[in-house]
Structure formats: structure tokens, C-alpha cells
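Asker: Okay, here's what each chain looks like letter by letter:
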Amino acid sequence: MSAVISTRGLVKRYGRVRAVDGIDLDVQQGDVYGFLGANGSGKTTTVRMLLGLVLPTSGEVELLGGRMPRAGRRVLPRVGALIEGPASYGHLSGRENLRLLDASGRGGPWRTRSARVDAALDQVGLGGAGRKPVKAYSLGMRQRLGLAGALLRRPELLVLDEPTNGLDPQGISEIRELLLDLHRGGTTIFLSSHLLAEVEQLCDRVGVLDRGRLVLQDRIPTLVAPTGSTVVHSPAPDRVRALLDGRVTAVEGDRLVVRGEDPAEVNALLVGAGIPVTGLALDRPTLEQVVLAAAGTSPDRVEVPR
Amino acid sequence: MSDRGRAAAPRWAAVGVLVAVLVSLPAVVGALPVEDADVFAPDLRAAVLASDSVGYSGYAESAGGLALPVTDQLTSVADLFSDRTTMRVWWRGPADHRVDVVTTAGETGVHRDAGGSWTWEYERATATRTEAAPLELPAAPDLLPPSLGRRLLSEAADAELTRIGARRVAGRDALGLRLEPAAPAASVRRVDVWVDGDSGLPVQVEVVAKGSDRPALDTRFLDLELAVPPAEVTAFRPPPGATARNGRQAEVLREAGDRVRPVALPPELAGLPRRVLDGAPRGIGLYGSGVTLLAVAPVPEGLARALDDTLAQSPDAVVDDAGARIAAGPVGLMLVEPPGRGPYVLTGTVTLDALVTAAGQLPELAGTG
Amino acid sequence: MITVELRKMFRRPRTWATIAVLNALPVLVAVLLVVTDLAPRPGEGPPFLSAVLRNGSLYPLAALAIVLPLFLPIAVAVISGDAVAGEAQAGTLRYLLARPVGRTRLLVAKLVAVLAFVVVTVVVVAAVGYLVGTTLFDAQPIGGTSVSGTSLTSEQITGRTVLAIGYVAVSMLGVAAFGLFFSTMTDSPLAATMGALAVLVTSSLLFTLDAASPIAPYLPTRYWLAFVDLFRDPIQWRDLTRGLALQGVYVGVLLAAAWANFTTKDVTS
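Residue numbers (UniProt numbering), protein chains in the order written: chain G, 1 to 306; chain H, 1 to 369; chain A, 1 to 269.
What the hints contain is simulated information worked out from the structure, not anything from laboratory work. Mixed in with the good hints, there may be bad ones.
Unchecked claim - Here are the simulated SDA-like pairs of lysine to any residue, each with C-alpha atoms no more than 25 Å apart in a straight line: (1) Lys265/A - Arg16/G; (2) Lys135/G - Phe10/A; (3) Lys210/H - Asp316/H; (4) Lys265/A - Ala13/H; (5) Lys135/G - Asp181/G; (6) Lys265/A - Lys132/G; (7) Lys132/G - Arg11/A; (8) Lys265/A - Arg13/G; (9) Lys210/H - Gly197/H; (10) Lys132/G - Gln89/A; (11) Lys135/G - Ser269/A; (12) Lys265/A - Thr153/A.
To be verified - Restraint-style ranges between C-beta atoms, simulated for each label pair: (13) Pro33/H - Gly107/G: 50 to 60 Å; (14) Gly296/G - Arg105/A: 38 to 48 Å; (15) Gly107/G - Leu25/H: 51 to 61 Å; (16) Gly171/H - Ala17/A: 42 to 52 Å; (17) Pro13/A - Gly107/G: 27 to 37 Å; (18) Pro214/A - Trp12/H: 23 to 33 Å; (19) Asp118/G - Pro10/H: 40 to 50 Å; (20) Leu25/H - Tyr14/G: 36 to 46 Å.
All C-beta atoms, glycine included, are put in the ideal place defined by N, C-alpha and C.
Turn these sequences into a full structure, and let the hints guide you.
Answerer: What follows is the structure, encoded as C-alpha cells:
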């Protein structure tokens, strides 16, 4: 396993504002990395710094083993990107847009260009879009076209900023399948999003950005690992508490948290005492709980200073 | 900071250096040392006067600040002295040269040959043939530094001349020669003629009026090549499709002279002696010499009234009992209308005071006091 | 990359619309001239217009002289101002740079594309001018008269017209460089175009002002009309060479500045 993206002390200052404040990202080959953060937390600036669009105030970015932005010429052809929504020339067809984009970069022989473009369009489900100009596309079609542009050169790393934006539920699930498929083929995916559910469904590692700082970076299974307690639902919480005196750490209506990492053992105790049990599960935190605990309030919330 | 792949400061610094070099280039070229030569003023003047057969071609610009109050017939003359005129010139000799007055959208070319001159006006597509005459109205060729320089120095006394160092004109080292007219009536403070040391050709002439530091007239070469240009450049044949006609400009002068009523003019006015000029109408009196000249002419009533109107509209004009007068740089003009007699015009490169003095000495006025 | 930029430019309907509008004015002037048969008075109106009534094959030059002071520079300012800022506004700039396309390479490709636009536009104006001139006016195919009143053979006229087209194209390079420079400064193509036009208006205004005569030789519009000098006989090279050198200096400096700015700026569009 080698690092695909690694940053050290990455800082971007705009005047006195630190948009990105000392980030140490670490994305390994084969990861599906979820880069979570509220709007305005510095996600997009970070993504732009990864790709050499914005120059860091200080700190280092290493992309596929090359120092950015100097190594951009070498490593960026191996990266596919969707940055802050798709963009294309509205008066041209999707196919022509991709042809132009493909011709812009080095190393795309023109003989195989049509094949590459067709393959990318098929992958995202736009194979039949024909000669329609992009300005007549729906938001979802544009999103697919942007994704096709990122997939053109069969990249080792996909950097995607809000890839499912504007897609309907079917579209979202289609794209999810596509990304998981690509991942199985060996593509590392860096997915920046503010949608927790999306990250949870796709990713195996997550980094959480809050006001320019990386407050959390870990594997999701580790984050939502069992806490060592069991959650019991019972219509008679008082009796449960009486029985398991000292082991109950929280009561919320008919929901009780009981210390003990074996639900079977807890169940046996309760059933033995004749207490009805309607639900029983290992206690594990949701990703949402973990993220909310790590990050503070939403950065678009402006409080009255006290 | 050195980590940044693209540091902005050095790149902008490189641009700044480039701009600084380019901006300072003209100043550096202008500051190159100029070589002065040890030539006495009278010798330099002699060299200038002998230079009319030197062949050259070049590009000259004259800038005049003289707003002459004239009537419609002479606007072309007035424009000459009040505007910036650019000229291309090919000079094979006094009777074989070509001067093109270049404008943005066309040009007016004067091709001089032994018998006269062709004037080509592009925008009218007209070629005008004018026979050579001893006295002609001033035209663009007369503003060329060599022609003007020779004319202004032709009657200068050695005592009026001084050397004033050297400067670079049209890429050549030019020796300065200053003429300060001695006559008290003179309105010209000084004439600076800058002369190409090798050929004696004046390359720049500046005329400064009394009471001013800025040249009233500044004519100079911007490009100059000292080689006799080929004859086919100065020759002219009216092109097919163009209108060819005979010029009547000289007749304006002759007719004006004929219409002048005969008046006996005194031999001296304002301390300037009368002189005789070939071809000048007999009724016009010319006085003075060198750069201090005065012309007196009795004029028809119609012309006087037109002139009077022009003067009345000019804020710079002085109108009193002695008459209406105006100075445009070193050129003064005065209109005298004695009651019951015909009007006179006095004009020349003399001070307004001298004009008043001269007017008082005119025969028809002297008696009335 | 250059071919990509050329394809982008010439597949854009707007490019051709601009060229069409540019040709409308000379055609209109030609029609009015034929209908009224009134030549502009000497010293007024664009160069060569009065000569066209005598020889229609000079109309390409008159057409160039008509569009040169205003229409052509506006068109060039629009296209060059759009070059980088247009991509930034559309958002395609970030995808190009992440492709990756080197920033210097992109700048050069944009310059070449603008250059191609200038050349195509000038040639089209001249060609349409020739068509209009020879159909609407009396054309004399055998030579013509130079500004200096000498006769020119038709080969000379053709050769000098080609040179004039080239010179007008070069004259527009300064505008293009201003447009491109401003285009790297902002994400709004309109602002970049306005910037370039502001420079032009300032330059034209200062040129007419006597007080500005010390800086007049350095104004970008100073030598634009010098293409007329090609039709003097002998050709007056002074202003032409100065015009070329001046445009060269402006293009050099502004491209250097555009490069310094563009290669070190954050692309946040």
C-alpha cells in the first residue's frame, strides 16, 4: 500500500483568513476516501490545491508520488477530476466536448480518441446523447458528462467533488455502482462531499474537515466499531434497570444502554427474569454521531458574538 | 515559501526589469554624447549658404505656433505656420526636388523642375502645373530646415552670429549657430540653426520671438540621408485619370499688386531701409533685411474690411487710434484706416511698436499727424 | 493544444457573427457611396474612400480603413478578453488545467488563436471589400495610382495590399495582448474586454491631444493608419517599422505580464 494523496501541513491563507489550516491528508492506494465537510469548510480549496489549481501558502502536496504543483505534468494525466460541478462548452455536443478535452492533454493519440470518448460516454450512460448541444442537457446529464471527462484516460485516481449533485435517485445509485465497479478495478477514489449518507454508503475511509482543520481521519469500520455496550428495547425499562443494577448507563424511554459486549448474554439474563425484550443490538455509534462530535457547529451559522 | 512551484515575485520582477529597460531606452539613446566641432560662426554660416546643391532625402517635421490672421485666399499659407506639418523630401538641387506634405489619409506633393513645379493633391486627384516665378507664396518646401535655414541666415551679419554647442538631430551631430538680429525693430529674439557639420546642411531651425522662450516655429529632420536621390523619384507625370490644370497661385500676388493704388513710399520706415525684391508688385514696399522684414501695401477696401472683421474677433488684437494690430509669434500685422483715405496693411517680423512707428511715417498719414 | 484552441474558436457561432457584423459597415458605406456618389471631402473621412469612386479595386483598403479605428479593435478586444476569462467563467479553465494543460502552453495557444482570428477577420474584410468594390464600382484591373501620384502596376498594388493586410493584422496584436493580459487578471470576459477598450479609447484620445505629444509615439494606436504609407511611392517605411516595433514591444511586455500573472495565480473559478 502506498500513499496516493499525502499532504503535510497544508495551509492556504486568503488575506487574514485561513481557508485551509494545516491539513495532513493521507489517502492510500485502493481507498475509497470520503472527504466530509460542511459547505465553506475548505473542501474545495483543498481539492484545488491537490490538483495544482490553487497554490498553497505553505505545506506540501504529494500526488501519486509527485510533488504538486511541479509534478503536475507527470502525475495529473493519471488523475481524473470532477471539480465543483461539471463545465463544458454549451454550443458543442457532449461528444465534441470530450474530444476537445481529450485533445487538450498530452498523450492521447488521436487514432484511439473516438474509442476513448465512446467508452467514457457509455460508462456514464450517455452513449446515446448524440449531437445535442450541451446547453440542452439536464443537470444530471451534465453531471454524467463531467464524470465521463474524468474517466477519459482511465485514471488511477479519481478526485470527485460532489459527484451525485443534480442526479435523481436512480442516477445516484447508478453512479455509485459505477464508482464501486471502478474501485474493484483498482481505481483509488477521493470523494469530497457534504452528504454523510453518500460517504457512508461508498467509502471505507473518511476525513472530516471543519473550518479548515482536519478533525478526524480514520477507517469507517473503526469509527463505528461497537462501544462494548448492548442496546436493549423493553416495554419495562424500570424492571431492566432493577435487574441489571449498575450496568445500565442510559435510559431513554424504552431504550436502554447496557454495558456488556455480548447481546446474547444480556438477553439470557433478561429473558431469565421474565422481562419482555422487543429489541436487542450491539451498541455502535452512527457515522453522523461521530462526525458531529468531531466537528462543531455549521460554519454558515453566524452567531451573535457574546 | 521556496517550496512553491511557481513563485510570483521573480516572474513579476522579470517583467518589471523588461519594462524598465524598454522605458529607459529612448532616454539612454538621447543622452549619448554629442561631438562638437571647433568651427567659427561665420564659417558655419558660409557652409550653410553653400549647401543648396547638397543632395539629400529625408523626413522632416515642422511645428508652428503662428496663428496668422488671414483671409480665405491664403488659408493654405496660414495652416503651414500654425500646424504640425510632416514632409518627405528628395533634394537633387534648387531646381530639381520633390517635397510631399504627408497627411494620415493622403498627401500633397510638390515636384520642382527647371521650368516650374507640379503639385499633386491625392485626395482631389489633381495635378497642378505652376510656372516658375521670382516671387512665390510660402509653401511647405520653404519650411524645410535647409531652405529655411539658408533663407534666414542669408543676410545675417557676422556680429549677429554666435556658436551654441551641438546637439543630435536625426541621428547626426549638428552644430548650433545662433542669430540674434541687431535691428531694434526686430521681433525675432533669436534663430537657432543646427547644422550638419559634414555637409553644411541645416537640420533644425528654431525661431523664437521676443518675449517668449518657446520656439514660434520649429522645423527639423527626423530622418536624413545624405545621398543624391535618383532622378525618377523627383520627376512627375500626371497619372492617368487625374485632373491636370494650370496653377494660378502666383497670379493672386500679381493681381493684388496690380490693384494696389500707386503710392509713393518713403525710403525708410521705422529705421529699416527700403529694398527691392525681384518680382514683387511695384505698389508693395519692402523694408529691412535678414530676419527683420516689413512689408507695406495699400489694400482695397474689401480686403481691409475682411481683415478688420478677423482682427475684431481675435482677443489678442490691439485696437486704438493708431490702427488695429496683432502679433502672432514674431509676425506682426497692422491695419491702418486713415479717415478719408485708403487703408494700408503693414506686416512683417517687426515689433508692434515698430509697426506703429512705421504707420506714422507713411506719406498719406504723416501730414494728418 | 493550438489546434484545439483554433477548433474551439472557429466552431463558435459567435466568432462568425462578429466577423459578419464587422463586414456589414464597409458594405453599407459602399452602398451609400454608390447611391449618393458623394466622396468625402479631402482631409475628412477614411483614407482611400475618395479613390474608390475612381477605382473599385481599392475598396479592400477603404474597407480596412473603415473598420480599423473602432470596429476591428472592438472585435479583437471581445475575442481576446474572452480568451482566458471566458474559460474561467464557464468553469472549463479548471478542467483544462487539471487535464493537465501547462499554463504557459495554454496562454500561447490562446494567443495563437486570437492571432488566427485577427488574420481571418482582416482577410475576410479585405475579400468582402474586393467583392463589393469590383461589383459596385468601376474597377480598373490594370494597376492604379499611388498616393504620391505615380502609377503602380497591378502586381505592385496586389503586393502592397497583402502587406497592408499583414500590417493591419499586426496592429491588432497590441489590442489582443491587452485583452489577453486583462483576461488573465479577471474571471469576467466583459471586464477584460472593457479593460482593453479603455486602453484603446485612452490612447486614441491622447493621440489627438497636443499636450500628450511627448508620449504620442508610444501610444498603441499611434501608427495604426501607417498602412497608408505602403501606398506612397517610394514606400514610407519610417512609421511602418516603428508601428511594427511598437506593437512588438507591447505584445512582448503584456505577454510577459500575462504569463507572470497567469502562471502564479490561484484558479478559483
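Asker: Does each hint hold? Answer for all of them.
Answerer: How the hints compare with the structure:
no., hint, result
1, Lys265/A - Arg16/G, "18 Å, holds"
2, Lys135/G - Phe10/A, "18 Å, holds"
3, Lys210/H - Asp316/H, "16 Å, holds"
4, Lys265/A - Ala13/H, "15 Å, holds"
5, Lys135/G - Asp181/G, "30 Å, violated"
6, Lys265/A - Lys132/G, "35 Å, violated"
7, Lys132/G - Arg11/A, "15 Å, holds"
8, Lys265/A - Arg13/G, "14 Å, holds"
9, Lys210/H - Gly197/H, "28 Å, violated"
10, Lys132/G - Gln89/A, "22 Å, holds"
11, Lys135/G - Ser269/A, "19 Å, holds"
12, Lys265/A - Thr153/A, "54 Å, violated"
13, Pro33/H - Gly107/G: 50 to 60 Å, "59 Å, holds"
14, Gly296/G - Arg105/A: 38 to 48 Å, "44 Å, holds"
15, Gly107/G - Leu25/H: 51 to 61 Å, "44 Å, violated"
16, Gly171/H - Ala17/A: 42 to 52 Å, "49 Å, holds"
17, Pro13/A - Gly107/G: 27 to 37 Å, "31 Å, holds"
18, Pro214/A - Trp12/H: 23 to 33 Å, "28 Å, holds"
19, Asp118/G - Pro10/H: 40 to 50 Å, "45 Å, holds"
20, Leu25/H - Tyr14/G: 36 to 46 Å, "39 Å, holds"
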